[in-house]
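Q: Could you put together the complete structure from these sequences and hints?
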Amino acid sequence: FLTHALIRFFSPTQSHSLSFSLSLSLSEASEMSSSTFRAPAGAATVFSADQKIRIGRLDALRSSHSVFLGRYGRRGVSVPPSASSSSSSSIQAVSTPAKPETATKRSKVEIIKEKSNFIRYPLNEELLTEAPNVNESAVQLIKFHGSYQQYNREERGGRSYSFMLRTKNPSGKVPNQLYLTMDDLADEFGIGTLRLTTRQTFQLHGVLKQNLKTVMSSIIKNMGSTLGACGDLNRNVLAPAAPYVKKDYLFAQETADNIAALLSPQSGFYYDMWVDGEQFMTAEPPEVVKARNDNSHGTNFVDSPEPIYGTQFLPRKFKVAVTVPTDNSVDLLTNDIGVVVVSDENGEPQGFNIYVGGGMGRTHRMESTFARLAEPIGYVPKEDILYAVKAIVVTQREHGRRDDRKYSRMKYLLSSWGIEKFRDVVEQYYGKKFEPSRDLPEWEFKSYLGWHEQGDGAWFCGLHVDSGRVGGIMKKTLREVIEKYKIDVRITPNQNIVLCDIKTEWKRPITTVLAQAGLLQPEFVDPLNQTAMACPAFPLCPLAITEAERGIPSILKRVRAMFEKVGLEYDESVVIRVTGCPNGCARPYMAELGLVGDGPNSYQVWLGGTPNQMAIARSFMDKVKVHDLEKVFEPLFYHWKHERQTKESFGEFTTRMGFEKLKELIDTYKGVSQ
Numbered sequence: 001f002l003t004h005a006l007i008r009f010f011s012p013t014q015s016h017s018l019s020f021s022l023s024l025s026l027s028e029a030s031e032m033s034s035s036t037f038r039a040p041a042g043a044a045t046v047f048s049a050d051q052k053i054r055i056g057r058l059d060a061l062r063s064s065h066s067v068f069l070g071r072y073g074r075r076g077v078s079v080p081p082s083a084s085s086s087s088s089s090s091i092q093a094v095s096t097p098a099k100p101e102t103a104t105k106r107s108k109v110e111i112i113k114e115k116s117n118f119i120r121y122p123l124n125e126e127l128l129t130e131a132p133n134v135n136e137s138a139v140q141l142i143k144f145h146g147s148y149q150q151y152n153r154e155e156r157g158g159r160s161y162s163f164m165l166r167t168k169n170p171s172g173k174v175p176n177q178l179y180l181t182m183d184d185l186a187d188e189f190g191i192g193t194l195r196l197t198t199r200q201t202f203q204l205h206g207v208l209k210q211n212l213k214t215v216m217s218s219i220i221k222n223m224g225s226t227l228g229a230c231g232d233l234n235r236n237v238l239a240p241a242a243p244y245v246k247k248d249y250l251f252a253q254e255t256a257d258n259i260a261a262l263l264s265p266q267s268g269f270y271y272d273m274w275v276d277g278e279q280f281m282t283a284e285p286p287e288v289v290k291a292r293n294d295n296s297h298g299t300n301f302v303d304s305p306e307p308i309y310g311t312q313f314l315p316r317k318f319k320v321a322v323t324v325p326t327d328n329s330v331d332l333l334t335n336d337i338g339v340v341v342v343s344d345e346n347g348e349p350q351g352f353n354i355y356v357g358g359g360m361g362r363t364h365r366m367e368s369t370f371a372r373l374a375e376p377i378g379y380v381p382k383e384d385i386l387y388a389v390k391a392i393v394v395t396q397r398e399h400g401r402r403d404d405r406k407y408s409r410m411k412y413l414l415s416s417w418g419i420e421k422f423r424d425v426v427e428q429y430y431g432k433k434f435e436p437s438r439d440l441p442e443w444e445f446k447s448y449l450g451w452h453e454q455g456d457g458a459w460f461c462g463l464h465v466d467s468g469r470v471g472g473i474m475k476k477t478l479r480e481v482i483e484k485y486k487i488d489v490r491i492t493p494n495q496n497i498v499l500c501d502i503k504t505e506w507k508r509p510i511t512t513v514l515a516q517a518g519l520l521q522p523e524f525v526d527p528l529n530q531t532a533m534a535c536p537a538f539p540l541c542p543l544a545i546t547e548a549e550r551g552i553p554s555i556l557k558r559v560r561a562m563f564e565k566v567g568l569e570y571d572e573s574v575v576i577r578v579t580g581c582p583n584g585c586a587r588p589y590m591a592e593l594g595l596v597g598d599g600p601n602s603y604q605v606w607l608g609g610t611p612n613q614m615a616i617a618r619s620f621m622d623k624v625k626v627h628d629l630e631k632v633f634e635p636l637f638y639h640w641k642h643e644r645q646t647k648e649s650f651g652e653f654t655t656r657m658g659f660e661k662l663k664e665l666i667d668t669y670k671g672v673s674q
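Numbering (our numbering), first residue to last: 1 to 674.
Read the hints as simulated data drawn from the structure, not as lab findings.
Here are the simulated lysine-lysine pairs, DSS-like style, with alpha carbons at most 25 Å apart:
| no. | residue 1 | residue 2 |
| --- | --- | --- |
| 1 | 557 | 663 |
| 2 | 486 | 476 |
| 3 | 625 | 557 |
| 4 | 446 | 246 |
| 5 | 557 | 631 |
| 6 | 507 | 476 |
| 7 | 406 | 421 |
| 8 | 663 | 623 |
| 9 | 108 | 406 |
| 10 | 115 | 406 |
| 11 | 115 | 213 |
| 12 | 406 | 317 |
| 13 | 663 | 647 |
| 14 | 631 | 641 |
| 15 | 661 | 641 |
| 16 | 565 | 661 |
| 17 | 486 | 475 |
| 18 | 382 | 433 |
| 19 | 661 | 647 |
| 20 | 246 | 503 |
| 21 | 557 | 670 |
| 22 | 475 | 557 |
| 23 | 557 | 647 |
| 24 | 317 | 108 |
| 25 | 486 | 503 |
| 26 | 317 | 105 |
| 27 | 421 | 317 |
| 28 | 446 | 503 |
| 29 | 484 | 221 |
| 30 | 446 | 507 |
| 31 | 382 | 247 |
| 32 | 421 | 382 |
| 33 | 475 | 503 |
| 34 | 565 | 641 |
Restraint ranges, calculated between C-beta atoms of paired labels, are given here:
| no. | residue 1 | residue 2 | range |
| --- | --- | --- | --- |
| 35 | 601 | 275 | 41 to 47 Å |
| 36 | 571 | 550 | 24 to 30 Å |
| 37 | 266 | 623 | 44 to 50 Å |
| 38 | 542 | 623 | 21 to 27 Å |
| 39 | 157 | 295 | 54 to 60 Å |
| 40 | 455 | 345 | 18 to 24 Å |
We put the CB at the ideal spot given by N, CA and C, even for glycine.
A: Next up, the structure:
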């Protein structure tokens, strides 16, 4: 078995690069890094027998079963064997003028991925030890399997390690069987609660290492998965959770499913680890298989178990959302890729507008890191959507930064290149030009709370869940209803839950039993709570700086009290989001009023988002102590009440007034006039 590759490397003794054609067997390749090479007679440059040549890092495939082929190998470029090679292990080197090449710096995580044999080692060994935790390399790898290692930060005298598991549910779809399984696992192996996330998934906290395989295998065997819910790859694909039987909604959800399948890892590491290699996968649509395997524009790693990801996967996490016009329940512009169904006048889907480069995470006191909204790249016909998405992913894979993870999201590539250059590169992998984006109507946030007709004679019911935390009597009652009526559910991007396919005669008894458990219809839920979100933060998140989920209930009550004090009506609301750190899991930078933890009991205040989540907020004030929130908020609410324009939202008001004026209003505020 012979492999031919074009390799470029730098000799430490000569100020030029060397290009040569290499033909070697697999057994010889394994010794290549330590070999001493001699060029055959007649070659332009000859090395003595004892002269070593340093081969720089090649950013390509490497595993225990593959030859390291370099950047050319991933494209499937055909490189003929050298005609003058006298043996399979000889090198013909030809001197060409060039500046010395230096090895590209890589983060530690990149090296861990490279050495992992496709996300297996050393996690597979660490899971077998008696220790309650896994080592640093395994901590990084288990993310790809859908888990984070955590410990209770409020315990003293040692660390009590556990693992958080996150499921993968495209469009937020949760079959009845999976919901009941997750409910059982939370009680038996977790902390007795389930958490609904801002990306339409479950999080299960408190799983001990010794129980990981049992929990993972139970999820897999009951129509679920955690594969790729975390890690440097495509995360859960969002789509509207409403189970409408409408062409555009159904097509959006089908597209989300197909994108999720296209970008799912293929090398089997997940099933090897948790179910001993047994596959529990449904048949993929042929268009997904065709798009994944297509390499007509050099997108794939040839003969790799990961044709799209290779050994290195992506530089960082990658997020995709799909929706229909007007429905921004998915926070469209916060994603790496946003996809919008475009239909004709008869309601038939024809194609998609695509947006690229959104992302929330940032770092305090580093202005070079920032939240960013996605921007339009163009329109594609519906049959091309998988190829276009793949081309965008490959552009990020090839050009996203891998040296510093703070700058590895695709938004920084867009910011560096600009949309025109980015589009040009994507089109090379896509093989076509993007068409101009189609005009769309105004966007609005849709919560889908309450009762709605699906369009097929059945109903769905959206239920508000504060911060997505399902526990206590609420958890018990939801279990009873979902089990009794054999209901499928969906999780919304706003941490709420939707009960699907409910018969008309079930509505009254279901409404009654849910209300008794505190799961109220929207008219009985404070409007502030309906749009609020918070991340888990303390005590388990290792990144938290201050409270979020545990702190937001009292913050919302205080805001309601301020509303009443300044004369705002009950049905008036402000989108409030709270996170314990600047990573932005609850998307606070899209809120009208965002609170981002920047110290113990302290928040950075962000203002200027809009109710439809189509404008980004800006940092207004730092280090506001939680007990001082009234000093900042009350003057703003008072002047919004008295100086706003017709139908002007709080976020629009703060933007129009300007931050200097707002700070002046705070400083000169004398209290509510009697």
